[in-house]
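K.L.:
So the chains spell out like this:
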Amino acid sequence: MGKADPRAAPGTPPEETIEKLTLELRRGVIVLACLSQLDEPGYGYELQQRLAARGMEIEQGTLYPLLRRLEEQGLLGEEWIVEGSRPRKYYRLTDAGKQARAELERQWNEMAAVLNALLASENGG
Amino acid sequence: MDLIERYVEAVTAKLRRKRRGEVEKELRAAILDALEARGASPESEADVAAVLAELGEPSAVAAEYEPGSQYLIGPELYPLFRRVVGVTLATLVAASAVGLGVSLLLGGLADFRAGEFLMDTLEFVLRGALVAVVVIVAVFAWLQRSEVKPASRARPAGRWDPRTLPAAQGPERATRSDSIVGLVATAVALVILGGIGRGATEALPEIPAVMRPLVRHAVIDGVMLLQVAAVLSALAHAVALVQGRWRPYSRAMRLAADALAVFVFVRVPVEVVVHRAALSEADLSRNFVLSLVLTSIVIGAIGTAMIVGMSVRAWRGRAGGRSGSGPAPSPVDLAAPTARL
Numbered sequence: 001m002g003k004a005d006p007r008a009a010p011g012t013p014p015e016e017t018i019e020k021l022t023l024e025l026r027r028g029v030i031v032l033a034c035l036s037q038l039d040e041p042g043y044g045y046e047l048q049q050r051l052a053a054r055g056m057e058i059e060q061g062t063l064y065p066l067l068r069r070l071e072e073q074g075l076l077g078e079e080w081i082v083e084g085s086r087p088r089k090y091y092r093l094t095d096a097g098k099q100a101r102a103e104l105e106r107q108w109n110e111m112a113a114v115l116n117a118l119l120a121s122e123n124g125g
Numbered sequence: 001m002d003l004i005e006r007y008v009e010a011v012t013a014k015l016r017r018k019r020r021g022e023v024e025k026e027l028r029a030a031i032l033d034a035l036e037a038r039g040a041s042p043e044s045e046a047d048v049a050a051v052l053a054e055l056g057e058p059s060a061v062a063a064e065y066e067p068g069s070q071y072l073i074g075p076e077l078y079p080l081f082r083r084v085v086g087v088t089l090a091t092l093v094a095a096s097a098v099g100l101g102v103s104l105l106l107g108g109l110a111d112f113r114a115g116e117f118l119m120d121t122l123e124f125v126l127r128g129a130l131v132a133v134v135v136i137v138a139v140f141a142w143l144q145r146s147e148v149k150p151a152s153r154a155r156p157a158g159r160w161d162p163r164t165l166p167a168a169q170g171p172e173r174a175t176r177s178d179s180i181v182g183l184v185a186t187a188v189a190l191v192i193l194g195g196i197g198r199g200a201t202e203a204l205p206e207i208p209a210v211m212r213p214l215v216r217h218a219v220i221d222g223v224m225l226l227q228v229a230a231v232l233s234a235l236a237h238a239v240a241l242v243q244g245r246w247r248p249y250s251r252a253m254r255l256a257a258d259a260l261a262v263f264v265f266v267r268v269p270v271e272v273v274v275h276r277a278a279l280s281e282a283d284l285s286r287n288f289v290l291s292l293v294l295t296s297i298v299i300g301a302i303g304t305a306m307i308v309g310m311s312v313r314a315w316r317g318r319a320g321g322r323s324g325s326g327p328a329p330s331p332v333d334l335a336a337p338t339a340r341l
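Order-wise, the sequence lines are chains A and B. Taking our numbering, the leading residue of the first sequence gets 1, the next gets one more, and so forth. Taking our numbering, the leading residue of the second sequence gets 1, the next gets one more, and so forth.
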């Protein structure tokens, strides 16, 4: 809804459009990223740090609601564990989650191969 | 810790009640984890503010928690919606008060019939409020559909200051959807009751003379009392909507409205039974009188059950404000906000 940058060349998408497209691109990938790390139980903050350490930065305000949605979809199981004086919510993949992860991984590999080929041919590779 | 509670409440107040309890626990645990990882103390407001700023604005986080449901007006637009409704209703009441004053000045007190004029003014205000709320809801629903975000969402990351969050209100907070639904429902009830009352008054001369006292007491007086109850209820919901919480006086107004409505519904069969002897002596069939008695008992029982049920539900909502159980999602919760990464 923002105004286009007047300095931008004609036809250049405004910064906001690129940002929106990038978010859409990442939106699907983030689910697979989370599922890939939850074979072993992990809690929200720990998972965020684990993903960040591997180059996948996800805002906490996005990650926690996403974990909850995956739990509601039956892909993650949850358990509150009291450590020290306070409880933490641990998530781990359910059988349905493992199945979904395997399928998403297969789809990702196929799409990545196709897209890499498309981009390589477009760039004259 | 107070800032954490204010933040948690600011997020969960925008969610459906059935989600709140669990999300509250999750958020507290997440915030404490983030503080612990920084080696920071939950007692340090500056440290907590830094963690909360990273977590994101409450309306945006709440929107992430509700992507499966469809909002008519989502959490991001709702604060602005509430302000617009508040200003519009206040303007409407102020304009009516000015109109009342001008009429008094121009017409003088001699011909002034206070009761009639007040009822007309009240009807004007409530009709106006109903139309205004419907129009505002339609405009905001269009904005929601068009994915328009309020100006605060355009702020650069990190510029939001959690210390500006309002004080936590606990279980006394008013559920936005309940307030809007309550306001609209009572305004609609008032318009319908107005029609019934006028119809009964106009039809009175054509009704058999023996039934007129019954119609006057059970229907016309009953409708008038229900109108008073509806006005009280609408006022209570409007106050709660604008203030964002139920205060003792708005709660008392709502309880008084419920009590008055229950009184009316209990009174209906009582009036019929009281007048039964006169009806039986008149030229009315026994079956007609019997069906009148039964109908009045059914109407009285259904009305009483409805009012008591709604009252108990509202009370439970208050008592269980932090537990996560409560009423079903309101009509406002009909569309999905956009997710963000």
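Treat the hints as calculated values from the structure; they're not laboratory data. A couple of the hints might just be wrong.
Residues of chain A clear of chain B, computed beta-carbon distances all greater than 12 Å [what the hints assert, rightly or not]:
(1) Glu-40
(2) Arg-86
(3) Arg-88
(4) Trp-108
Among chain A residues calculated to face chain B with C-beta under 10 Å, some are [claimed, not checked]:
(5) Arg-69
(6) Trp-80
(7) Glu-105
The beta carbon of each residue, even a glycine, is placed where N, CA and C say it ideally should be.
K.L.:
Determine for every hint whether it applies to the structure shown.
P.N.:
Tested hints:
1. Residue-level check passed: A:Glu-40 sits 17 Å from the nearest beta carbon of chain B, beyond 12 Å.
2. Non-interface status of A:Arg-86 relative to chain B is broken: a Cβ of that chain comes within 12 Å, the nearest being about 6 Å off.
3. Non-interface call for A:Arg-88 relative to chain B: violated, since the shortest CB-CB distance, roughly 6 Å, does not exceed 12 Å.
4. Every Cβ of chain B is farther than 12 Å from the Cβ of A:Trp-108; the closest lies at roughly 17 Å, confirming the non-interface assignment.
5. With a least beta-carbon distance of about 7 Å to chain B, the hint placing A:Arg-69 at the interface is held under the 10 Å criterion.
6. For A:Trp-80, the interface hint holds, since its Cβ comes within 10 Å of a Cβ in chain B; the closest pair sits about 8 Å apart.
7. Hint status for A:Glu-105: violated, given a least beta-carbon distance of 20 Å to chain B, over 10 Å.
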